[in-house]
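Residues per chain, in single letters:
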Amino acid sequence: MQRILVLLPIAVVLVIGGFFVWGLNPERDPNAIPSVLISKPVPVFDLAPIAGVDVPGLASGDLAAGEPVLVNVFASWCVPCRAEHKVLTRLAAQEGFPLFGINYKDKPEDAKAWLEELGNPYLRIGSDESGRSGLEWGISGVPESFLIDGTGTVIWRYVGPIVTEQAQDDLRRALAATRERAAS
Amino acid sequence: MIPELGQFGLALALALAVVQSVVPMAGAARGNLVWMRSAQSTALGQLVFLALAFGALMWAFVVSDFTVRNVVENSNSLKPMLFKVAATWGSHEGSLLLWTLILALFGAGVAVFGTNIPHALRARTLSVQAWISVGFLTFMLFTSNPFERMLPPPVDGNDLNPLLQDIGLAMHPPLLYVGYVGFSIVFSFAVAALIEGRVDAAWARWVRPWTLAAWMSLTAGIALGSWWAYYELGWGGWWFWDPVENVSFMPWLLGTALLHSAIVTEKRGAFKSWTILLAILTFSLSLLGTFIVRSGLLTSVHAFAVDPERGIYILGLLGISIGGSLTLYAVRAPAMEGGGLFAPVSREGGLLINNLLLAVATGTVLFGTLYPLFLEAITGDKISVGPPFYNASFVPIMLPLVFVMGLGPFLTWKRADLKGVLQRLWLALALAAVAALVLWYLVTEGPVLAVLAFGLGIWLFVATAQEWASRIKLFRAPFSESLRRARNLPRASHGMTLAHLGLAVCIFGFVGSSAWKEDLIVFAEPGTEVQVAGFDLRLEGVEEVPGPNYTAFRATLVVSRDGEFLQNLYPERRNYPVARSQTTESAIRHSLAGDLYASIAEPASQTAGEAWTLRVLYEPLVNFIWLGSFMLVLGGALSLSDRRLRVGAPRRAKAPEMAQPAE
Numbered sequence: 001m002q003r004i005l006v007l008l009p010i011a012v013v014l015v016i017g018g019f020f021v022w023g024l025n026p027e028r029d030p031n032a033i034p035s036v037l038i039s040k041p042v043p044v045f046d047l048a049p050i051a052g053v054d055v056p057g058l059a060s061g062d063l064a065a066g067e068p069v070l071v072n073v074f075a076s077w078c079v080p081c082r083a084e085h086k087v088l089t090r091l092a093a094q095e096g097f098p099l100f101g102i103n104y105k106d107k108p109e110d111a112k113a114w115l116e117e118l119g120n121p122y123l124r125i126g127s128d129e130s131g132r133s134g135l136e137w138g139i140s141g142v143p144e145s146f147l148i149d150g151t152g153t154v155i156w157r158y159v160g161p162i163v164t165e166q167a168q169d170d171l172r173r174a175l176a177a178t179r180e181r182a183a184s
Numbered sequence: 001m002i003p004e005l006g007q008f009g010l011a012l013a014l015a016l017a018v019v020q021s022v023v024p025m026a027g028a029a030r031g032n033l034v035w036m037r038s039a040q041s042t043a044l045g046q047l048v049f050l051a052l053a054f055g056a057l058m059w060a061f062v063v064s065d066f067t068v069r070n071v072v073e074n075s076n077s078l079k080p081m082l083f084k085v086a087a088t089w090g091s092h093e094g095s096l097l098l099w100t101l102i103l104a105l106f107g108a109g110v111a112v113f114g115t116n117i118p119h120a121l122r123a124r125t126l127s128v129q130a131w132i133s134v135g136f137l138t139f140m141l142f143t144s145n146p147f148e149r150m151l152p153p154p155v156d157g158n159d160l161n162p163l164l165q166d167i168g169l170a171m172h173p174p175l176l177y178v179g180y181v182g183f184s185i186v187f188s189f190a191v192a193a194l195i196e197g198r199v200d201a202a203w204a205r206w207v208r209p210w211t212l213a214a215w216m217s218l219t220a221g222i223a224l225g226s227w228w229a230y231y232e233l234g235w236g237g238w239w240f241w242d243p244v245e246n247v248s249f250m251p252w253l254l255g256t257a258l259l260h261s262a263i264v265t266e267k268r269g270a271f272k273s274w275t276i277l278l279a280i281l282t283f284s285l286s287l288l289g290t291f292i293v294r295s296g297l298l299t300s301v302h303a304f305a306v307d308p309e310r311g312i313y314i315l316g317l318l319g320i321s322i323g324g325s326l327t328l329y330a331v332r333a334p335a336m337e338g339g340g341l342f343a344p345v346s347r348e349g350g351l352l353i354n355n356l357l358l359a360v361a362t363g364t365v366l367f368g369t370l371y372p373l374f375l376e377a378i379t380g381d382k383i384s385v386g387p388p389f390y391n392a393s394f395v396p397i398m399l400p401l402v403f404v405m406g407l408g409p410f411l412t413w414k415r416a417d418l419k420g421v422l423q424r425l426w427l428a429l430a431l432a433a434v435a436a437l438v439l440w441y442l443v444t445e446g447p448v449l450a451v452l453a454f455g456l457g458i459w460l461f462v463a464t465a466q467e468w469a470s471r472i473k474l475f476r477a478p479f480s481e482s483l484r485r486a487r488n489l490p491r492a493s494h495g496m497t498l499a500h501l502g503l504a505v506c507i508f509g510f511v512g513s514s515a516w517k518e519d520l521i522v523f524a525e526p527g528t529e530v531q532v533a534g535f536d537l538r539l540e541g542v543e544e545v546p547g548p549n550y551t552a553f554r555a556t557l558v559v560s561r562d563g564e565f566l567q568n569l570y571p572e573r574r575n576y577p578v579a580r581s582q583t584t585e586s587a588i589r590h591s592l593a594g595d596l597y598a599s600i601a602e603p604a605s606q607t608a609g610e611a612w613t614l615r616v617l618y619e620p621l622v623n624f625i626w627l628g629s630f631m632l633v634l635g636g637a638l639s640l641s642d643r644r645l646r647v648g649a650p651r652r653a654k655a656p657e658m659a660q661p662a663e
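Residue numbers (full-length UniProt numbering), protein chains in the order written: chain H, 1 to 184; chain D, 1 to 663.
It is worth saying that the hints were derived from the structure and are not from the lab. For every residue, glycine included, the Cβ atom is placed at its ideal position computed from N, Cα and C. Where hints are given, some of them may not hold.
[As the list claims (entries may be wrong)] If you anchor each label on the Cβ, the simulated ranges turn out as follows:
#1 D:I320 / H:R173: 40 to 50 Å
#2 H:I4 / D:A343: 22 to 32 Å
#3 H:I38 / D:G534: 42 to 52 Å
#4 D:M1 / H:R173: 42 to 52 Å
#5 H:W22 / D:T556: 33 to 43 Å
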């Protein structure tokens, strides 16, 4: 009995060591947070427009538009969203993709003031005052963006503001890949 | 020129370590005294050469020698001198150099002060220590050389991560490392004893001071680290169960168990193989920490830059040292047991429970830390394990431990009278129960566990104080008699009392600041007033102030209570242009009852005027954590200064207690 017992520590260490060897795989990025939605259809939702803002609301059906679209979750109370706003406005114009917004847990009047101040690059905005849709999308914070292909399937997801060169390149690459696949 | 000297020092230290890892071990096997004694000079030589290397690196930082890559990456000519010095150990390479320096320091310590240890055991211990040295010195020289040059040199450096430019953090790694790495010598003692095939009471006594020294530093290091997180990170918490925090906490938990089990081995000759196992595992967890922090295996807010090559090298080191020592243990341990028998209710029994609970707690933390990795490997899911897991698992394990801690010192060796002890402790029990009930009545909010934990804290405090009082017959004998008894009481005894009281004090802090904290986040403009925990705060304004290598926005907050002015608080948001990052400098109004803690962040919008994000927290009793930690360290120091640990250590019994010293 004791013979087996004294082997226990080394056995535990070997098992843990095995996981470590696996974990050191250079391909693995422990910081990446995958979305369970990737390669799945967008969740079912139907959001009314923001009161007083002159663009229509957003629903699941709008996302199977035949061309790739970017859905950006934003809020007026979110400081990084302000930095991202400029970049997204420019990218949408440069790359020519429709930009849709989900206004997350925001007061309509605040969102309206924010959009009036910064400009409105969004073609559609759904107002998610309760945060219910955010839950369906499984967002981990604001801002967060999803690239949807022409058939309403989630292709790519980015957590945090798309401001760094790397993030912008990531988006361009995902966009190019989506367009290529649609063309072939 | 000087960096080359440092490089030279590293190479020489490695050469000495190689010699030391072979010659004394062979000498001990053959009974060659000269070979055995060579370990003492080589251990000292290693220390000298590593100190030289460390000095050379520090010099490069002090004079801002930007031909050294490490200096370029971690320093800047504008940085205050204190942080230039501290940057020496701020990077992966520099901290590794500190690691090996401390390793050599403990080796040299045993070489110089271990005069009462038998030659063979000392020689073997130093050889094992040198094995570890060889591993880490080659790691440093081959994968992470701190003296690597950069030509042509840039004009200025990239600056150290501003979060690390803080006095708390300048001191935190050295202390933490002395603790972490200090357990290496205990590990070496254990492996040497396994090789020798002999563990007895004398062995435990030789090991104890080293364990205690390492444990003290680790305690101080962890406390400083949490203090740093508390006031520098600006999140208003002192412990986040982050993987990097956990890996420093696990050796502490197991080291605490080791301290206690070594007492049993020393006094009663029991728990031998358990003590050895703890010695091996404690250092293994230190190594694990080094591995996790430097390999990028888990996500953490404060991990070093990631490099898979380094990760594989350290994993190899881990495999050899941990795997090797545990295999040796599996071979030798079955022949070891025996020793004093004891009844379930006894001092030994109490310490056994202490050890079991601490080991289970360590296992829980280990599991929580590695669970995301396990899960990702098996199912591909990514999760993180946070405070709710630890509150639900770790805390309930620790609570019974606190109860036993109050009882333990009253129990006698071999067989104790539990009924008698509980009769003596009725006062402590009653006080704890009353305090918990009153608290429950006063604070209806918050978890029930908090009330229970607070009551147990009081129980521990009163019971410990009572044990000390009964030893010196306080109030039962004339005061002069008590004083004489207090003076005659061994310092280790005072040390234990102080450390146990310290833990009770810590518990008040843990509970108060986590269960009854008040938190408020508002958008504030000049003139905004908020109320938290009876304090009124008004934001006067925010101004821009320059610093040596940063610019800061400094807010002025007027704090008053019941209309009476108390003080101004000046939280800052600093911007470091060179390192391109920002830090939050919170402002804190300290008091024993609780801290009022304020921090600010960027205006919510540039056009919405001066609306800053203001965060105000009230953390009741939080300073008790650091007061208690200080008592823990001081208790350790008192115990370490006990003359019983220094002189007159027992000679080994003539007849070995084990069957045959295997060679």
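Consistency of the hints with the structure:
no., hint, result
1, D:I320 / H:R173: 40 to 50 Å, "42 Å, holds"
2, H:I4 / D:A343: 22 to 32 Å, "27 Å, holds"
3, H:I38 / D:G534: 42 to 52 Å, "50 Å, holds"
4, D:M1 / H:R173: 42 to 52 Å, "48 Å, holds"
5, H:W22 / D:T556: 33 to 43 Å, "53 Å, violated"
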